[in-house]
Amino acid sequence: MAEPAQFSETLADRVEHVLRKRQLGPLSVKELITALGPERDTSATTLAAEHQLVQALREDELRRAARGKRPRFGITDGESVRLRPPGNPAEAAVEEWNERVKLDLLEQLRECDPIVFEHIVAQLLIAIGYEEVRVTKRSNDGGVDVHAILSARGVTRVPTALQVKRWRKPVGRPEVQQLRGSLKSTQQGVIVTTSGFSRPALEDAARQDGSPVHLIDGQMLADLMVEHGLGVQTARVAFFSLDEQRLTGGSPAATATATTEGDQVSSGVRQGSQMYFLAQLPGGRNADYLSTLAIMAQLAEEQPTLDEYIEAFQQHFPGISRADEARRRMRVLLSLGLAEVESSHVTLTFLGRRFVDDRDPRLLREAFLARIAGAAEVRALVVDLADDRARRQRVLDDPPAGLSSTQATLVLRWLTQLGL
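Throughout, the numbering used here is defined as the position within the sequence shown, counted from one, plus 4.
The hints are simulated quantities; they were obtained by calculation from the structure and are not laboratory data.
Don't take every hint at face value.
[Claimed, not checked] With a cut-off of at most 27 Å between alpha-carbon atoms, the simulated BS3-like pairs for lysine-lysine come out as follows:
no. : residue 1 : residue 2
1   : K173      : K141
2   : K188      : K169
3   : K141      : K188
4   : K141      : K73
5   : K169      : K141
Since we're looking at a predicted model, the values are computed, not measured.
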């Protein structure tokens, strides 16, 4: 029986395991480095480790895209990482189709002429970056089929001997031992098969006391061929989905620059940055905004589809009976940067994860002043007034440019709730 090849686990695979244990993320890059193990958590190499980790995840994104798979990580500004939600039905259908094509590709490889198969593998090695690739005389699977040089940009050169096996049955331990026994001390070996490997074969290949032998099973072979455009054709189709973020009514922050002297919280507002408008929270104007937001954010922890989120939202807030109204009100999470909608799934941002975990109102204060249209202006408008009634009246009489009196009053209520 063929076993899944474990040799190919990458740093990206390990990051995925960590995130699945941590509620899908997001985690900061520093938190990920710590979680990956002490060997990646040395203060002397922190910046290098962070750069290497982000680079590895970005390369994983490109590799998966080239193999017809959805990227698995969401990386924000190179500082936080989360697992992406499952694709929407259209994306899932495309990914399923691509996997069927790979199965068809493997079947065609099993049926092709042995010499043709060896030359296809040779072409793949060249595409991957091997040098001096040459196919040996036909050996009926009794010896080495392809020789090549693995070169790391000319710095190191590793002679490589490959056996290619157009098999349906799993490759066993004897084949691994045979190849290892034929290797010179400076060589490494690779077995490429259209099938898989038995558990004894995997165990033998993992030995550290002999010449290294690497294994490429049918799944990896198909992935590599698709990645490098061998044996397949590619068609590109655009998929559209609603931009929930834009539907919050966001606009460039061309006028959102008013702050009080010495105010560092709102100093993050930049010319041209995106600003967002607010909707009423489901609990009404007298509800506890922090508690309501915490509930709304918690509903997104498992990356539900948007429809699932709206259903759960209405169960928690039965006063919102219409789905379209629930959808409009949940966009407060998007406006504050606590969540986003990707591939029709609602996911927490790094800020949203921190808020759910810590319930720290300071996080919301910073987000509110940095992202909400008119927040800084309304605050500056009423900062000299202590009486709530006088503050409301001033906002009603003279709302900031670009805001209606209703929006300005809503912003004022938020400022009051957040202690700003």
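Hint check, failures only:
4
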